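S.K.: Those protein sequences? They're chains R, W and H, same order as listed.
Note that our numbering has the first sequence beginning at 1, numbered continuously upward.
Note that our numbering has the second sequence beginning at 265, numbered continuously upward.
Note that our numbering has the third sequence beginning at 529, numbered continuously upward.
The hints are simulated quantities; they were obtained by calculation from the structure and are not laboratory data.
What you are looking at is a predicted structure, and each value in this text was computed from that prediction instead of being measured.
Any given hint could be a false lead.
Claimed, not checked - To spell it out: a stretch of chain H is covered by chain W in this simulated footprint if at least three of its residues, at any positions, have a beta carbon under 8 Å from a beta carbon of chain W; those stretches are: (1) 624–632; (2) 694–705.
As the list claims (entries may be wrong) - Below, simulated DSS-like cross-link-like pairs (lysine-lysine); rule was C-alpha separation at most 30 Å, straight line: (3) R:LYS250 - W:LYS369; (4) H:LYS741 - H:LYS778; (5) R:LYS250 - R:LYS213; (6) W:LYS277 - R:LYS213; (7) W:LYS477 - H:LYS648; (8) H:LYS725 - R:LYS207; (9) W:LYS461 - R:LYS105; (10) R:LYS197 - R:LYS13; (11) H:LYS648 - R:LYS120; (12) H:LYS725 - H:LYS778; (13) R:LYS197 - R:LYS207; (14) R:LYS213 - R:LYS120; (15) R:LYS105 - R:LYS13; (16) R:LYS13 - H:LYS685; (17) R:LYS250 - H:LYS648; (18) W:LYS384 - R:LYS107; (19) W:LYS266 - R:LYS2; (20) W:LYS461 - H:LYS741; (21) W:LYS514 - W:LYS384; (22) W:LYS266 - H:LYS685; (23) W:LYS514 - W:LYS471; (24) W:LYS371 - R:LYS213; (25) H:LYS530 - W:LYS371; (26) H:LYS778 - W:LYS369; (27) H:LYS741 - W:LYS266; (28) R:LYS157 - R:LYS2.
All C-beta atoms, glycine included, are put in the ideal place defined by N, C-alpha and C.
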Amino acid sequence: MKIITLTTDFGTKDWFVGAVKGVILGIEPQVTVVDISHEIGDGNIQAGAFALAASCRFFPRHSIHMAVVDPGVGSARAGLAVQTEDYVFVGPDNGVLSLALTREKIKVIRRLENERYFLKSVSRTFHGRDIFAPVAAHLCQGVSPLELGSAQEDYVKLDWPQTRQEGDYIAGGIVYVDRFGNALTNIDGVLLSGCLKLESAILVNGKPLCSLKSHYQAVPLGQPVGVIGSTGFLEIAVNGGSAAEALGLKINDPVAVRAGSKTC
Amino acid sequence: MKIITLTTDFGTKDWFVGAVKGVILGIEPQVTVVDISHEIGDGNIQAGAFALAASCRFFPRHSIHMAVVDPGVGSARAGLAVQTEDYVFVGPDNGVLSLALTREKIKVIRRLENERYFLKSVSRTFHGRDIFAPVAAHLCQGVSPLELGSAQEDYVKLDWPQTRQEGDYIAGGIVYVDRFGNALTNIDGVLLSGCLKLESAILVNGKPLCSLKSHYQAVPLGQPVGVIGSTGFLEIAVNGGSAAEALGLKINDPVAVRAGSKTC
Amino acid sequence: MKIITLTTDFGTKDWFVGAVKGVILGIEPQVTVVDISHEIGDGNIQAGAFALAASCRFFPRHSIHMAVVDPGVGSARAGLAVQTEDYVFVGPDNGVLSLALTREKIKVIRRLENERYFLKSVSRTFHGRDIFAPVAAHLCQGVSPLELGSAQEDYVKLDWPQTRQEGDYIAGGIVYVDRFGNALTNIDGVLLSGCLKLESAILVNGKPLCSLKSHYQAVPLGQPVGVIGSTGFLEIAVNGGSAAEALGLKINDPVAVRAGSKTC
Numbered sequence: 001m002k003i004i005t006l007t008t009d010f011g012t013k014d015w016f017v018g019a020v021k022g023v024i025l026g027i028e029p030q031v032t033v034v035d036i037s038h039e040i041g042d043g044n045i046q047a048g049a050f051a052l053a054a055s056c057r058f059f060p061r062h063s064i065h066m067a068v069v070d071p072g073v074g075s076a077r078a079g080l081a082v083q084t085e086d087y088v089f090v091g092p093d094n095g096v097l098s099l100a101l102t103r104e105k106i107k108v109i110r111r112l113e114n115e116r117y118f119l120k121s122v123s124r125t126f127h128g129r130d131i132f133a134p135v136a137a138h139l140c141q142g143v144s145p146l147e148l149g150s151a152q153e154d155y156v157k158l159d160w161p162q163t164r165q166e167g168d169y170i171a172g173g174i175v176y177v178d179r180f181g182n183a184l185t186n187i188d189g190v191l192l193s194g195c196l197k198l199e200s201a202i203l204v205n206g207k208p209l210c211s212l213k214s215h216y217q218a219v220p221l222g223q224p225v226g227v228i229g230s231t232g233f234l235e236i237a238v239n240g241g242s243a244a245e246a247l248g249l250k251i252n253d254p255v256a257v258r259a260g261s262k263t264c
Numbered sequence: 265m266k267i268i269t270l271t272t273d274f275g276t277k278d279w280f281v282g283a284v285k286g287v288i289l290g291i292e293p294q295v296t297v298v299d300i301s302h303e304i305g306d307g308n309i310q311a312g313a314f315a316l317a318a319s320c321r322f323f324p325r326h327s328i329h330m331a332v333v334d335p336g337v338g339s340a341r342a343g344l345a346v347q348t349e350d351y352v353f354v355g356p357d358n359g360v361l362s363l364a365l366t367r368e369k370i371k372v373i374r375r376l377e378n379e380r381y382f383l384k385s386v387s388r389t390f391h392g393r394d395i396f397a398p399v400a401a402h403l404c405q406g407v408s409p410l411e412l413g414s415a416q417e418d419y420v421k422l423d424w425p426q427t428r429q430e431g432d433y434i435a436g437g438i439v440y441v442d443r444f445g446n447a448l449t450n451i452d453g454v455l456l457s458g459c460l461k462l463e464s465a466i467l468v469n470g471k472p473l474c475s476l477k478s479h480y481q482a483v484p485l486g487q488p489v490g491v492i493g494s495t496g497f498l499e500i501a502v503n504g505g506s507a508a509e510a511l512g513l514k515i516n517d518p519v520a521v522r523a524g525s526k527t528c
Numbered sequence: 529m530k531i532i533t534l535t536t537d538f539g540t541k542d543w544f545v546g547a548v549k550g551v552i553l554g555i556e557p558q559v560t561v562v563d564i565s566h567e568i569g570d571g572n573i574q575a576g577a578f579a580l581a582a583s584c585r586f587f588p589r590h591s592i593h594m595a596v597v598d599p600g601v602g603s604a605r606a607g608l609a610v611q612t613e614d615y616v617f618v619g620p621d622n623g624v625l626s627l628a629l630t631r632e633k634i635k636v637i638r639r640l641e642n643e644r645y646f647l648k649s650v651s652r653t654f655h656g657r658d659i660f661a662p663v664a665a666h667l668c669q670g671v672s673p674l675e676l677g678s679a680q681e682d683y684v685k686l687d688w689p690q691t692r693q694e695g696d697y698i699a700g701g702i703v704y705v706d707r708f709g710n711a712l713t714n715i716d717g718v719l720l721s722g723c724l725k726l727e728s729a730i731l732v733n734g735k736p737l738c739s740l741k742s743h744y745q746a747v748p749l750g751q752p753v754g755v756i757g758s759t760g761f762l763e764i765a766v767n768g769g770s771a772a773e774a775l776g777l778k779i780n781d782p783v784a785v786r787a788g789s790k791t792c
């Protein structure tokens, strides 16, 4: 089975995603193309990075994940193909791949330089269609990442709110607001499961807001609550409402959870 | 051919639908996944039920229809797989499957209990990804519904406006407003074809509003009209406009059509 | 490989697109259906025509392009299948196919008349599902366009702003506004590449607005600029903003570019 996933800010109103799929199918007819999202906010690299990281591991091994949120298209930023133990990631080297890559075992990082794997005519503004799509399709066909260009040691990381221990607290920040208005943080419920105790106090912007509960409905309607959401990260929600709206939560707002002990 | 259709309120902005498809493809790589809608209003079980009922019979036999509009996720409501003569339906037992099922010949109803067919880790908030998607994929692979859990006699029905004969009138209600603002009723044009006559008077909220015509353009622009729409149900439209907006029509508003005779 | 592309104004909120795909898969299970857009403005034939023309050539040969923006559904307008050297186009004969067809070498034009290739029951309002989808699927299965109905000499063209030479200027008009607010014109950068020189003056509504540059960022943030966009056509953009909003640009606004010489 051959799978290419797409995470972009292209929107669905215009023909952009259709053209990308046409290019892919013209090179690799047997592929199944799956949309993760095309409604990442315009140029919002953080949101694209989070959407990719939150979904990529639900796909079978050898899937190719293409993510294009690329406000710098046409500038000097490189395009990358990153082969990991389980997947190949393709996209601009601007951080959009970086959150997903922190959880993967990286094998190869190559710059996209070999024009043989691009469309013949490359526009200045639509590298999703002209570079990333054909490269992803050729990778899917079996072209080795080593063919694509020169090696690169590392990749651009996001200026992400740091997760860290501060005294009794584990501190991080809001990194994504989903369509329900839930504010997702980068505080990982799995890694911190030894520390995060039900009923722990949660502070947002330095002020106590709510407690950690097992599920949204553990608080009355309209009340704020912290839960370990389906992504595995701590999220701030309002039972039956939008936390982002009701509480004015925004990306990068600092969040802290009182940990069970100082040595978790 | 293996087909799974998806009807949900997950939206398309986030990665939710992508993760569902990744799970399905990881279990059954040969499947074609078709989106019916992911923009069912949040938790609007009635709208999801109608969208599923309006489209499911256009798919080939043996398709698997997964519908997840599930405001009670994490509560005690059961998950069901319902095998009918032509299809398998998978979703929460909260009514979202019920309208489609009224037109099917039911063979087997089973509760989703066998965790062998779930993801290894089941979240509290995303059973679409963790339970319904893997179950649908396993069914698609040939797992029998009998493997999934214990038998159940019946399923939850919607509190739907009743269609009934009242004197000279056939009465029902508005059950769905589409994106054009057409108000779709549960008055079935096929079943009642002996009664519904062109030019019949149509009452909404007890007041005469318009007549039954063969097509929208049979009335002047901006005027209300009743037609038997492409779903086979009576709908109230405004030629060139939005009936819901222009007339203030809402879900559950009662509708009545004067029938041709008392004995249709 | 068998591909059918879909360009419609059906929206994605309701079940319309899902039903279309169900019909197609019921006839031709091996097809890959690709959405170009379902968010063409209601009945906006021009926008549908542009979206199709901007994307169709990125698909492999023998793809079938179905475009249904059809405000006259149920009226006397014909349905067409147009076989060209590379593709087959299917849709109403109202201009929605015409812009794409101007770039194709036409072989056969047939009216959709043979009901054998329609759904058994054809509604008045949803020919996308009942006529165009099954016809596209049958074509995909190998049915010849000659089977579909009587021959037709020509097809309906759009009342498109004319591209023409006027003294020192090449004149045309705005034909599409994309989701970023870029105003796309029908002035073809490829055909006119001998004339369009960087720094050429661009007039909109008869007044000088900006110059032709190689890329958006060649002007300061917030400033207007003309570029040959990824479709190959001249577009008017605002660096970092929406040209349509900032400059009040609208469909059919006349645009002119000062050409390099009178004899290009």
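S.K.: None of the hints should be skipped; say for each whether it holds.
M.R.: Now for the hints, and whether the structure bears them out:
1. 624–632: Per the Cβ count (0), the hint is violated.
2. 694–705: violated (count 0)
3. R:LYS250 - W:LYS369: Violated - the C-alpha atoms of LYS369 of chain W and LYS250 of chain R are around 50 Å apart, more than 30 Å.
4. H:LYS741 - H:LYS778: With a Cα-Cα distance of about 21 Å, the restraint between LYS741 of chain H and LYS778 of chain H holds, given a limit of 30 Å.
5. R:LYS250 - R:LYS213: holds (21 Å)
6. W:LYS277 - R:LYS213: holds (26 Å)
7. W:LYS477 - H:LYS648: Distance ~22 Å between LYS477 of chain W and LYS648 of chain H Cα, so the pair holds.
8. H:LYS725 - R:LYS207: violated (59 Å)
9. W:LYS461 - R:LYS105: Distance of about 69 Å is beyond 30 Å: violated.
10. R:LYS197 - R:LYS13: violated (44 Å)
11. H:LYS648 - R:LYS120: Roughly 45 Å between the alpha carbons, so the hint for LYS648 of chain H and LYS120 of chain R is violated.
12. H:LYS725 - H:LYS778: holds (25 Å)
13. R:LYS197 - R:LYS207: holds (19 Å)
14. R:LYS213 - R:LYS120: At roughly 55 Å apart (the allowed maximum being 30 Å), LYS120 of chain R and LYS213 of chain R break the hint.
15. R:LYS105 - R:LYS13: Violated, because 36 Å separates the two Cα atoms, which is more than 30 Å.
16. R:LYS13 - H:LYS685: holds (23 Å)
17. R:LYS250 - H:LYS648: The hint is violated at about 53 Å.
18. W:LYS384 - R:LYS107: Answer holds: LYS384 of chain W to LYS107 of chain R is near 27 Å, not above 30 Å.
19. W:LYS266 - R:LYS2: holds (17 Å)
20. W:LYS461 - H:LYS741: violated (64 Å)
21. W:LYS514 - W:LYS384: Between LYS514 of chain W and LYS384 of chain W the Cα gap is close to 42 Å, so the pair fails against 30 Å, i.e. violated.
22. W:LYS266 - H:LYS685: Roughly 40 Å separates the two Cα atoms, so the pair is violated.
23. W:LYS514 - W:LYS471: Since the Cα atoms of LYS514 of chain W and LYS471 of chain W sit roughly 15 Å apart, the hinted pair holds (cutoff 30 Å).
24. W:LYS371 - R:LYS213: Between LYS371 of chain W and LYS213 of chain R the Cα gap is close to 41 Å, so the pair fails against 30 Å, i.e. violated.
25. H:LYS530 - W:LYS371: violated (35 Å)
26. H:LYS778 - W:LYS369: violated (54 Å)
27. H:LYS741 - W:LYS266: violated (50 Å)
28. R:LYS157 - R:LYS2: holds (28 Å)
Consistency with the previously given hints fails for numbers 1, 2, 3, 8, 9, 10, 11, 14, 15, 17, 20, 21, 22, 24, 25, 26 and 27, ordered from lowest to highest.
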